[in-house]
Structures are given as structure tokens and as C-alpha cells.
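The primary structure of each chain is shown beneath.
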Amino acid sequence: MAILTGCASSGVKNPSGIGVTEMRADEKGFVAGTGVESQDLVAVTDKMSRSILDTPQIKSAHNPPVVVLDPVVNETRFPINKDMFLTRIRVLLNSKSFGKVQFLARDRMAALEKERDLKRSGQVTSSSDPNVVEFKGADFFLTGKLQSLTTRNSRGTSDYVLYSFQLVDARTSAIVWEDFAEIKKQGLEDAAYR
Amino acid sequence: MKTPASPFLIGVLLVGCATTQPVSSWQRTGDPIVDGKAAIEHGPKRDRVLWEYRTAVVAMRRGQFAEAKPLLDDALVTLGGIYGPDKDARRARSYFSAEAKKTFIGEPYERVMAYYYRAILYWIDGEVDNARACFRSAQIMDSDAENKTYSSDYVLLDYLDGLATAKMGGDASDALKRAAAEARLSRPPECDPKANVFFFVEFGNGPRKYATGEYAEQLRFLPGNSIVRSVRIRVDNQTLRADPYDDLTFQATTRGGRVMDHILANKAVFKSATDTAGNAAIISGAILAGQQGRHSVADEVGVGLLAAGVVSKIFSAVTTPAADTRAWDNLPQYLSFASIRLPPGTHSVTVEFLDAGGNPLANLTSTVAINVSEPARDTVIFVSDKNQ
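Chains as they are written, first to last, in the working numbering: chain A, -12 to 181; chain B, 174 to 561.
Next comes chain A alone, as it looks inside the complex:
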């Protein structure tokens, strides 16, 4: 009878729930797939920002080179917010390079142009002549590409992702810096799903 009267929650997974677990962004969580995850983003962008700072064009420049971000191309099978890669590289470089490189906020151009036009029309004050073009042009474009190879069969799924980034000279189109990172993940789902 004791067996029969057992608590019915034995049929429920984690009936009491699981408390929120705070993890580092570069840590592999207990919820994992074979796709692009936070630890990959951190590892790749850390490597790329270090590599960019070692580039002679940046390291030895007399004036901080001006860089514009050109959206990363996602050719993988994983839908992702690809802008996060360049955002994290930009933030790392801005915070760690002590002014060795300067980024332009091209994604804010609409708001910037509107503000300039307000100044030009005299609707708001201006600390300099608003008719002089002061928006900077780029010395370099920072961009990248994400590509993947996938194998899936009865023994599981394997995903290889190649993350490549480039710094392109805006005047000559020369690629002045390029680096890559690669991550391969494999997994096999429970037989109940196969």
C-alpha cells in the first residue's frame, strides 16, 4: 500500500524547479546544443580583439585609425544575432586599447544627421560651425564571416563553425589583417528522439 500511495510528483521532472544558476558567459552551460553559444562568442571575440591590437597598422599608427563596422555575414545553419560579434570586439577594443583605435557610430547616422540638421537650421545650439562636415570617414572596415559544415547521421550531429574576421583598408581595399577561430561540436540525442 505504501508503494501505491507514493507521491504523484514522481512523474514530474524537477517538481520543485531548479534555482537560477548564474554562470560566466565563457562557461559551457548545462543547456547546450551544437550551435553558436555565448562561450564561443566570448572566445572568438577575445581572440580577435587581441589579434587586431597586434596588427602593425593599429599598434604603430601615429593617429588612431578610424574603423567602421561592416555587418558580419552568417553563412552557417544557425540563426543568430551576428552583430554581437562586432559589438563585443568594438567594446573590447574601446575599453582595452586606450584610444589606439577609434570606431564610428555609423549605425546612428540617422539620429546624427537629424541633430546636425537641427543645428544647421538654428533650432538648437551648436559649439562649432554646423555647416562644416565633421563626420569622419573610415580608414578601415572591420567585418567577418561565419561559415559552417554539418554532418548528421545515426551516430549524431557534428557542427564545425569557422569564424573569420578582416580589417579592410577603406582606401585601397587591401586586407590589412585577418584572423580566424574554429569550433567543432558534436552531440547525440537520446535514442527516444532518433
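Read the hints as simulated data drawn from the structure, not as lab findings. Note that the Cβ used here is the ideal one computed from N, Cα and C, for glycine as well. Be a bit skeptical, because a hint or two may be false.
As the list claims (entries may be wrong) - Short derived list, chain A residues pointing at chain B, Cβ under 7 angstroms: (1) N61; (2) P66; (3) G174.
We have chain A already, so just place chain B on it with the hints.
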């Protein structure tokens, strides 16, 4: 004889822990989106993805794309992270637990459709590369077919992968070649990277699941059906035809045997064997116990056999080989696609669903105005015979 403890024991039986609720612990309103969200919120966690699938597609057919997005995103997170040990899946494989106890992610044709619908939503938002990523993932979901002839053989997934690649300036030739080779029902239209208006078309009722076999341990599919055989789209003075390129019944039934089918077959053998052994032991035990006098060795052996037989029958009774027939039951039967170049501005679009004789089904014909606002961004129209 009734003991004083009996009422207490019955009380304990009835009072059991209330963590597991009856299946329907929410009020049904008749609105599939409201009910679907309630099921996601209050229903069994193992069915969460199933309800997300169903609710998302209803939302898309109502044009509520913002409603559909988070549902599919959540479902795809589960789908993409299903690797490794899983307690529910392990239980589903055990003799004494049903397959339907596992977290639902669907059979490959259902997983494909989750990615396919999400791809359409990405394209609507102008994220063509993420749409392409979903088409690619969808094709991967279909890659583990038993017969490799039917592996990754969705025409539209390759075609749309190619189209997206071409639109982004890449080389689409491989994907388009695969799409042409896979075409069984009809060949997709020529890929036009300069087209800026896309019609994702679906019609009919998709396949249904049922279980057969002595213990309902074999998963089978009832073919879907559709009185609609193609779609005619009139835009301004141009006419497009969207024939079916992919058939979900074909996709559901060409996957081949599952690993889980072998497990269920083993469960069925175990259930049958323990039942037979139980019968034999009970009959033998009863004969032995009945033929000799009390307290004889044969009597004791007979009682032992009876007990063993009962235990064996209990094992048989609690063995659950039944196949999981939970299904994404509002999928279409056919998938199609059409594209066209249109200048910016408002255009009147008439969609006619045609029967086998090429006649429009009057109750399904509709005319809508579409606004092609930015040449830089595609206009995506989701067309379903179940559009509301």
C-alpha cells in the same frame, strides 16, 4: 475482515501529492491562440513545444507574426539543445513508461517545419541570412533518413537556400541544382535574385499519426489530404502559379524506421512474454496447488508459481509499448512558393486556390493590397488556405 486502519489507507490513497494535474488544467476559450498559450503555460512541460508549434502556425495564418516569433524561438531552443542525457527521454525508453512521456520535439518532418516557419519570419524581418540558416537547419533535420535517397530532399529548402544566397550576392548554383534534382511534384520557378516580392504558399491538411500493432507500438501516418492542387496569384497584370513542390505526407513516410521503433518493439515483446509466462505460471500453479493435499510440496510449489505468475502479469500490465502519437496537427499537406518583381507602391494581389481541374475554389479566393515600400527590403506574403 475490515480493519480499523482501512479508512486511513483509503484516505492516503486519495489524498496523493497533487503535483501532477489532469491534462486540461486551463479553461478552453475556443480561440486557438489563447488556448495554445494557456496550454504552454499550464499544460505538461513535455507538451510545451507541441503547443508552441501549433500556436505559432495559427498566429502566422492570422498575420500575427510577432506572436509566432517567440513561440518558434522557444521551441527551436529546445529542439537545438536536445543532445545528451535526458531524464524524460530515458524514462520513455523504459519498459514501464510510455514514449509519450518524453519531451515532444516532433518527428523530423515536424522539426523541419518549425525551422521553415521561423525562416519565413526572418525573411519578413529582412534577415535573409538568418532565414537561410533556418532553411539549412531544416534540411539537416531531414538528413537522417534510413534510406539516403530521401535524406535532405525538400525541394523548397534547397531552392530557398539558393535564392537567399543569390540575393546576398553568393553562388547559389549548388543549392539550386539540388532543388531541381529533388523536384518530384513539379519544378520550382527560375531563381530570380532581383525579385522583391515573395509568396510562401501552403495548402491542405498534413499527415496524421496513429499507432498500430498488438500494443499500439508501431507509429504510422495517415496521409494528408487537399482539395487544393495549386495556387494562382494575380498581381497587377501578371499571373503567377504556385504548384506544390514539397509534400509533407511523403516526407513523413519516407523517413524510415526510428531507433525508438526498435525500443518499442522490444517493449512489446517483453509485454507479450511476461503475459504468456504469467498465464503459464498461474495455470500450472493452480493445477499443482489444486491436485495435492494441504501443506504438500506440490502445493507450495503451486502457490509459488501462482505468485510468480501474478507478478509476471503485473509486469506485463504495466509495460507500455505504445508509440507516441502526439502530432503537430495543423500542418499543411503541400508547400509552394512564387516570386515576382514589383515597383514600390501599393499593389492589389488576388490569390486563388485551384482544385484538380484548375478551377478556383470560390470560398478561398481573396484579394489583398500589399505595399512594396522599400526596394532594398523584400516583401514577404504568407499564403495559406487557412489564412484567417
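Consistency of the hints with the structure:
no.	hint	verdict
1	N61	4 angstroms, holds
2	P66	4 angstroms, holds
3	G174	3 angstroms, holds
Going through the hint list in order, the structure satisfies each hint without exception.
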